[in-house]
Amino acid sequence: MQLQKLNLKQLFKKFSGTWIALDPENNKVVATANSPKLAIKKAQKVGVSHPVLTRAPKENMVNILSMQKGSPSS
Amino acid sequence: MTQTIAMTFPYKEFPIQYTNPLNPRKTTLLRPVIQIDFESKEGGFGYLALIDSGADYCLFHGSIGEQLGLDVKKGKALSFYGTSGKQQIAYFHKVRFSAAGKEIEAMVGFSYQINELAFGILGQEGFFDQFTITFNLNKKFITLN
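Listed in order, the protein sequences are those of chains A and B. The first sequence runs 1 to 74 under our numbering. The second sequence runs 1 to 145 under our numbering.
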């Protein structure tokens, strides 16, 4: 099941700095936690077996992203 | 003859800070973010990830790697430069995930230094090499073929 139209504005404001577990059937928040592990466990407890995770950043910055190769170290 | 099926995904709307001088009236931006899915010992889960043609590799949060049962910091370390311009480290592991109904196995970087991102990053290796991707921002959808 795929999430469809999603506006995260209110969610991120309310749950800033946490992991959010969404129910893909209705886009509703079913759990929040400080780790994906806990968020998934909480979601499973309320009957959502395959939650969708996203992280609510503390600051919602504009992104100009590019991941560049650096120096591999071993 | 192999038949490929195109799947369409809507752009997702993300909040931006109010002080953005480029769009002072805008409080949200559309981003090509899709759901990818993992299986793990503790159950499957979805994860939001940005389709980023400027990224060489896929990059996910370190804690997602832990959920997949990885000893994240034992992966092959690679330095990269993120939005801040600061050098960051990702630890690469071979993982499986699915996107648009397709199973993908790829070397993916996991980083503990991307907590200010709401999503993972889907880059050239491991994602763009798996699909033909069409971005249509005007119509607010992405097609993976």
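Think of the hints as simulated: they come from the structure by calculation, not from any bench. Incorrect hints may have been included.
As the list claims (entries may be wrong) - Under the rule of at most 30 Å between Cα atoms (straight-line distance), these lysine-lysine pairs were calculated in the DSSO-like manner:
{"no.": "1", "chain 1": "B", "residue 1": "K74", "chain 2": "A", "residue 2": "K9"}
{"no.": "2", "chain 1": "A", "residue 1": "K42", "chain 2": "B", "residue 2": "K86"}
{"no.": "3", "chain 1": "A", "residue 1": "K45", "chain 2": "B", "residue 2": "K140"}
{"no.": "4", "chain 1": "A", "residue 1": "K9", "chain 2": "B", "residue 2": "K86"}
{"no.": "5", "chain 1": "B", "residue 1": "K140", "chain 2": "A", "residue 2": "K13"}
{"no.": "6", "chain 1": "A", "residue 1": "K13", "chain 2": "B", "residue 2": "K102"}
As the list claims (entries may be wrong) - Interface residues of chain A toward chain B, partial, derived using beta-carbon atoms under 8 Å:
{"no.": "7", "residue": "F15"}
{"no.": "8", "residue": "V30"}
{"no.": "9", "residue": "A33"}
{"no.": "10", "residue": "P57"}
Backbone N, C-alpha and C fix where the C-beta goes; we use that ideal spot for every residue, glycine too.
To see whether the hints hold, each was checked on the structure:
no.	hint	in the structure
1	B:K74 - A:K9	36 Å, violated
2	A:K42 - B:K86	35 Å, violated
3	A:K45 - B:K140	35 Å, violated
4	A:K9 - B:K86	27 Å, holds
5	B:K140 - A:K13	24 Å, holds
6	A:K13 - B:K102	33 Å, violated
7	F15	11 Å, violated
8	V30	12 Å, violated
9	A33	10 Å, violated
10	P57	5 Å, holds
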